[in-house]
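Residue strings, one per chain:
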Amino acid sequence: MKFPSLSSFSSPSPMDHAQCLRLMVFNSLRAGRYIHRFWGTSTLSLDSFCAFGYPVICSRMKEIKVKDASTWCTLVPDGEPHIQSVCEDHKCSSVSVKSTPEIEKKYVHRVYDAIAPHFSSTRFAKWPKVAAFLESLPTGSLVLDAGCGNGKYLGLNSSCYFIGCDISPPLIKICVDKGHEALVADAVNLPYRTNFGDAAISIAVLHHLSTENRRKKAIEELVRVVRKGGLVLITVWAVEQEDKSLLTKWTPLTEKHVEEWRGPRSPCVRCPSSFSLESIPETEENGLSGHMKDSRESLMEDMQQSACLNPQNKDDSLVSKDGRSQQEYFVPWHLPYHRAEVSGASAVALATGLAKKDDKKGAVVYNRYYHVFGEGELESGSLCTLFMVEFGFSNMKNEIKKLLVKDTSPSLK
Amino acid sequence: MRLLTHNMLSSNIKGVTNGFPLRIEVEKVVEKEVEINHDFLRNIFPKIDWKAFSDASRIMGYVELPEEAPEPSVLESDLEFLRKFHHALLELHLEEGALVCPETGRKFPVNKGIPNMLLHEDEV
Numbered sequence: 040m041k042f043p044s045l046s047s048f049s050s051p052s053p054m055d056h057a058q059c060l061r062l063m064v065f066n067s068l069r070a071g072r073y074i075h076r077f078w079g080t081s082t083l084s085l086d087s088f089c090a091f092g093y094p095v096i097c098s099r100m101k102e103i104k105v106k107d108a109s110t111w112c113t114l115v116p117d118g119e120p121h122i123q124s125v126c127e128d129h130k131c132s133s134v135s136v137k138s139t140p141e142i143e144k145k146y147v148h149r150v151y152d153a154i155a156p157h158f159s160s161t162r163f164a165k166w167p168k169v170a171a172f173l174e175s176l177p178t179g180s181l182v183l184d185a186g187c188g189n190g191k192y193l194g195l196n197s198s199c200y201f202i203g204c205d206i207s208p209p210l211i212k213i214c215v216d217k218g219h220e221a222l223v224a225d226a227v228n229l230p231y232r233t234n235f236g237d238a239a240i241s242i243a244v245l246h247h248l249s250t251e252n253r254r255k256k257a258i259e260e261l262v263r264v265v266r267k268g269g270l271v272l273i274t275v276w277a278v279e280q281e282d283k284s285l286l287t288k289w290t291p292l293t294e295k296h297v298e299e300w301r302g303p304r305s306p307c308v309r310c311p312s313s314f315s316l317e318s319i320p321e322t323e324e325n326g327l328s329g330h331m332k333d334s335r336e337s338l339m340e341d342m343q344q345s346a347c348l349n350p351q352n353k354d355d356s357l358v359s360k361d362g363r364s365q366q367e368y369f370v371p372w373h374l375p376y377h378r379a380e381v382s383g384a385s386a387v388a389l390a391t392g393l394a395k396k397d398d399k400k401g402a403v404v405y406n407r408y409y410h411v412f413g414e415g416e417l418e419s420g421s422l423c424t425l426f427m428v429e430f431g432f433s434n435m436k437n438e439i440k441k442l443l444v445k446d447t448s449p450s451l452k
Numbered sequence: 002m003r004l005l006t007h008n009m010l011s012s013n014i015k016g017v018t019n020g021f022p023l024r025i026e027v028e029k030v031v032e033k034e035v036e037i038n039h040d041f042l043r044n045i046f047p048k049i050d051w052k053a054f055s056d057a058s059r060i061m062g063y064v065e066l067p068e069e070a071p072e073p074s075v076l077e078s079d080l081e082f083l084r085k086f087h088h089a090l091l092e093l094h095l096e097e098g099a100l101v102c103p104e105t106g107r108k109f110p111v112n113k114g115i116p117n118m119l120l121h122e123d124e125v
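So the protein lines, in turn, are chains Z and V.
Sequential numbering from 40 applies to the first sequence in this note's numbering.
Sequential numbering from 2 applies to the second sequence in this note's numbering.
Derived from the structure by calculation, the hints contain no laboratory data.
Just so you have them, the derived chain V footprint on chain Z, three or more residues with Cβ under 8 Å:
| hint | region |
| --- | --- |
| 1 | 171-180 |
| 2 | 216-226 |
Calculated Cβ distances over 12 Å to all of chain V for the following chain Z residues:
| hint | residue |
| --- | --- |
| 3 | Arg149 |
| 4 | Ser160 |
| 5 | Thr161 |
| 6 | Lys165 |
| 7 | Thr290 |
| 8 | His373 |
| 9 | Ala386 |
| 10 | Thr391 |
Straight-line alpha carbon distances no greater than 25 Å define the calculated SDA-like cross-link-like pairs of lysine to any residue that follow:
| hint | chain 1 | residue 1 | chain 2 | residue 2 |
| --- | --- | --- | --- | --- |
| 11 | V | Lys48 | Z | Gly194 |
| 12 | Z | Lys217 | V | His87 |
| 13 | Z | Lys267 | V | Lys48 |
| 14 | Z | Lys212 | V | Asn117 |
| 15 | V | Lys15 | Z | Val134 |
| 16 | Z | Lys137 | V | Ile115 |
| 17 | V | Lys108 | V | Ile14 |
| 18 | Z | Lys217 | V | His94 |
| 19 | Z | Lys137 | V | Asn19 |
| 20 | V | Lys33 | V | Trp51 |
| 21 | Z | Lys267 | V | Glu72 |
| 22 | V | Lys52 | Z | Thr233 |
| 23 | V | Lys52 | V | Asn117 |
| 24 | Z | Lys212 | V | Val35 |
Glycine residues also receive a C-beta, built at the ideal position from the N, C-alpha and C atoms.
Let's have the full structure, built from the sequences with the hints guiding it.
Dropping the structure here:
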């Protein structure tokens, strides 16, 4: 079968790649019939893609790949690689990559457990590209949603069978109450047989994993559980944000948080001194009321308006004082008092300091850990071949998407 | 948990060579009707490990399925078989019980229809 000619794609302007939603499509040329079907569906036509020039991406990828695989490099605008200040699991070999670090227990797991119903009520708008992907799948496809949250995408294509999993039991309960098939499981260690699924999605999940090895493991798991030629769609938050006001009150990780991160089963930190950012002080924000937000607002829930206090890069990525890209953040979640249980998780969280009260806003404020992704970060170490990249603008927070096709053989037919 | 899901699940405990299929311990089974889709069943059929599926259906109290997998051509025309296949695959729910790792005996609880497959620290 023929793939579309790469010459039919136009190169974007230099600014495009910095201000965008990225969808990267990885394809195996051996995928044959399944891919043909995928590209041929009317719901996901090539017209909808505005792709980046292939040779440029290739060279960027190569640049990343030739770097020492054990370190994690982020490219700042001058092209010089800087070592990100996060230690990798393999430097602390006694801790399994599947073992949950403290920072995730405190600032991901417990937070979502505590905010689950409120979180779910704000998560109903389906992102068009995810919906289009799911609608393009053939009848009878087995679709696995890793990190399914409140089950927003489960059953989106009624001709397919969806199984959702999430680490949060309260969120899974919400899925099952809606009639979906869901279970409690860890994205880093999926309890599914190998090669079984037809497609897998992981929507806004991987950015909650605190080490490179765990993020890689989660991607490996997604690829493992789908059959050869199966498709995997991943979305994560991007470092580059086109709207400065979206940068809100994200708190960059400081040394204080590094200490908490360094729990008994945590990845160790290589260079604490490289955490040079100070916390962004909270500023006045638009009033947070307890009423239900519309879909647009709910998507912006944790990107509230406030002055961005971080010096900005030319490409709008977040840059620390010493010029390195900051990628580790706490992003607040405001749980209105009337939603927080008085004697439940929120009381415990307040008592242990994991959350704080904001009487002005009438909310318990939780912090969620995020690792925002830089360009090229998702495809580094990918198990599949790069075919093309899509760039586009979004009315949502900028994010990177990656679409993989599983290729289990090095040779091409 | 439906049996289609059970057919996908495997024990992922460290050191386990083959964690499939998980043995089902039944405390409560619920039947929930859902509309049949013949195309869906025909597409799903090749993916199913039939022995594990038919054994599981028996444990859940449904004895209508053949022990041997039928020829795919059966699905083209045998509506009665399709109905039974559909019923066992999608309409039987394990509400309460456990899924047991075939090698370690470790029980993964199923409560309110939700399996909890999370491992303990020493199992990863």
